[in-house]
Amino acid sequence: MSSFFIRNDKPQKRKFNGSQRGKLKSSSTKNHKKSSNAKDEEIESDSELEEKDLSEYSSDEETAQEKKIRLAKKYLEQLKAEEDGDAAVDDDDGAAGARDVVADRLKHDFLEQKGKLHLEIADQYIVPDPSDVTVLRGHKLPVTCAVVSSDDKFIFSASKDASLIKWSVQEGHKVHMIPGVKKGNKVKQVGHSSQILALAISTDSKFLVSGEQKRLVHVWNPSTCQLIHTFKGHKDAVTGLAFRKNSHQLFSCSNDRSVKVWDLDQMCYVETLFGHQDSITAIDSLTRERALTAGGRDGSLRIWKIVEESQLVFHGHTGSIDCVALINESSFLSGGDDNSLCLWSVMKKKPLITYKNAHNGEMNANSSNEENWISAVASLQHSDLIASGSKDGCIRLWKCGPNFKSLTPLFSIRVVGFVNSLQFSKDGSFLVAAVGQEHKYGRWWRIKEARNSVCIIKLRKS
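Numbering of the sequence shown is given in my numbering, commencing with residue -9 and proceeding in unit increments.
Worth flagging that the hints you see were computed from the coordinates, not collected in a lab.
Remember, it's a predicted structure, so these values are computed and weren't measured experimentally.
Beta carbons: idealized from backbone N, C-alpha and C, even for Gly.
Hints should not be assumed to be uniformly reliable.
Stated by the list, open to error - With beta-carbon atoms standing in for the labels, derived distance ranges:
(1) Ser300 with Ser237: 13 to 23 Å
(2) Gln55 with Pro120: 52 to 62 Å
(3) Ile116 with Thr53: 49 to 59 Å
(4) Glu279 with Leu400: 32 to 42 Å
(5) Gly432 with Gln55: 50 to 60 Å
(6) Gln68 with His163: 22 to 32 Å
As the list claims (entries may be wrong) - Pairs of lysine to aspartate or glutamate residues, derived as DMTMM-like cross-links and limited to a Cα-Cα distance of at most 20 Å, are as follows:
(7) Lys57 with Asp255
(8) Lys451 with Asp113
(9) Lys339 with Glu319
(10) Lys416 with Asp122
(11) Lys395 with Glu319
(12) Lys438 with Glu361
(13) Lys225 with Asp246
(14) Lys196 with Asp255
(15) Lys225 with Asp268
(16) Lys235 with Asp141
(17) Lys416 with Asp374
(18) Lys416 with Glu110
(19) Lys178 with Asp151
(20) Lys451 with Asp142
(21) Lys448 with Asp142
(22) Lys389 with Asp113
(23) Lys451 with Asp122
(24) Lys250 with Glu261
(25) Lys204 with Asp151
(26) Lys448 with Asp374
(27) Lys164 with Asp142
(28) Lys64 with Asp194
(29) Lys204 with Asp246
(30) Lys196 with Asp141
(31) Lys416 with Glu67
(32) Lys416 with Asp141
(33) Lys63 with Asp194
(34) Lys143 with Asp417
(35) Lys225 with Asp288
(36) Lys438 with Asp151
(37) Lys295 with Glu279
(38) Lys235 with Asp142
(39) Lys222 with Asp253
(40) Lys346 with Glu361
Construct the complete structure from the given sequences, taking the supplied hints into account.
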């Protein structure tokens, strides 16, 4: 059978301990005794029995009902907030507009949940002006990763200097900094003591997580930047983190070749997934209980189906696969050190399209195609717009063709240095890049003229 589908077919044994057997036995004995003494008991009426049953189970039913009401109110509040953000209209038009907003949002959420939402918006974007690029400097060493909060108001960045910084998007300045912990310091400090290689933030911006070279995963409160918890378990550097959308389920990957699943509601470890033959370099996840990983030098991409306890395996790159990003639940892209971009479908174990020499050094005459590794990719989820970064002095934006069977370059944005991570804002109004003098995973090259920084690139539409 093809290695595309790998499933754990070991039969599951049902656990049934002695204490449970004892309880069942004792309860049946009690019931027998009760039936033998039924003549001496007073028989209850049907109405009394119904009242008794309702009193026993009403609390549970009310709890479930209250939960449904709470979630519905929360959803309506989100819709109302979006509606209030629109331009004011008269009462008649306002009522119709409110219905349209609700209908559009429900349709959008339904298609997104089913993985069928696809917005064709790439052609609307135009080349940004140099003034549209805001450079934020605060890290001493190369910036390895950056993430955007769900409300697009804040950016969190991390670096090889072990520091973590919270930035304001609107004001363009530092809000809070968690410096790295220095060795031999007698004063107890909170923070990382080694290079931070991965960041992720939950959909509701309740949790921020960071992974470091010394195998730890820290959980932070994004609002206060206070440490909440620390996860231990990986045996090597943590290289990637991803939250499942609209949940607090966290996936982490590492150089120890494993993927771990964590539950942040309970602050506990769930399970470990094995399959890659080399260090895992990147991870991503969307709404479904699945994770996408890149296996670096083992040349494979894997989709881990948690519920089904199986995985899908994909091959296509000729070198190390260094970055991945999900476009929707059925399509994704990857980049590698062979300077190629690949578009994939979960239904095919080979890429739908491979764009070779994606970064050709057009803005850096000193770089060669062999050196221009694809070090970062990003997608504006559920759309046809993607981005890629390398060390050739530019970030490139691309349009995905129909059914993701073609790639068309749109334009390039000049950025000097290694582009170590990319992420679009939720509304697609800007792109965030983590830039450094070195690659996030090593020191193969060093670009002296580059600045270790976070770049906010405002994206314009025609």
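A quick look at each hint next to the structure:
1. Ser300 with Ser237: 13 to 23 Å: For Ser300 and Ser237 the Cβ distance comes to about 20 Å; the hint holds.
2. Gln55 with Pro120: 52 to 62 Å: holds, 57 Å
3. Ile116 with Thr53: 49 to 59 Å: holds, 53 Å
4. Glu279 with Leu400: 32 to 42 Å: holds, 33 Å
5. Gly432 with Gln55: 50 to 60 Å: holds, 55 Å
6. Gln68 with His163: 22 to 32 Å: At 29 Å between Cβs, range holds.
7. Lys57 with Asp255: holds, 17 Å
8. Lys451 with Asp113: OK: Lys451 and Asp113 at ~9 Å, within 20 Å.
9. Lys339 with Glu319: holds, 15 Å
10. Lys416 with Asp122: Measuring from Cα to Cα gives roughly 18 Å; hence the hint holds.
11. Lys395 with Glu319: holds, 16 Å
12. Lys438 with Glu361: Roughly 16 Å separates the two Cα atoms, so the pair holds.
13. Lys225 with Asp246: Roughly 6 Å between the alpha carbons, so the hint for Lys225 and Asp246 holds.
14. Lys196 with Asp255: holds, 11 Å
15. Lys225 with Asp268: holds, 13 Å
16. Lys235 with Asp141: With a Cα-Cα distance of about 14 Å, the restraint between Lys235 and Asp141 holds, given a limit of 20 Å.
17. Lys416 with Asp374: holds, 14 Å
18. Lys416 with Glu110: Holds - the C-alpha atoms of Glu110 and Lys416 are around 16 Å apart, at most 20 Å.
19. Lys178 with Asp151: Distance ~18 Å between Lys178 and Asp151 Cα, so the pair holds.
20. Lys451 with Asp142: The hint holds at about 18 Å.
21. Lys448 with Asp142: Holds, because 12 Å separates the two Cα atoms, which is no more than 20 Å.
22. Lys389 with Asp113: holds, 8 Å
23. Lys451 with Asp122: holds, 13 Å
24. Lys250 with Glu261: holds, 6 Å
25. Lys204 with Asp151: holds, 13 Å
26. Lys448 with Asp374: holds, 18 Å
27. Lys164 with Asp142: holds, 15 Å
28. Lys64 with Asp194: holds, 12 Å
29. Lys204 with Asp246: The given pair, whose Cα atoms are some 12 Å apart, holds under the 20 Å limit.
30. Lys196 with Asp141: Cα-Cα ~12 Å, so holds.
31. Lys416 with Glu67: The hint holds at about 19 Å.
32. Lys416 with Asp141: holds, 8 Å
33. Lys63 with Asp194: Measuring from Cα to Cα gives roughly 16 Å; hence the hint holds.
34. Lys143 with Asp417: Holds. Lys143 to Asp417 sits at ~12 Å (cutoff 20 Å).
35. Lys225 with Asp288: holds, 19 Å
36. Lys438 with Asp151: Holds, at roughly 17 Å.
37. Lys295 with Glu279: holds, 7 Å
38. Lys235 with Asp142: Holds: Lys235 and Asp142 sit about 16 Å apart, inside 20 Å.
39. Lys222 with Asp253: OK: Lys222 and Asp253 at ~13 Å, within 20 Å.
40. Lys346 with Glu361: Holds, at about 13 Å.
The structure is consistent with each of the numbered hints, conforming to all of them.
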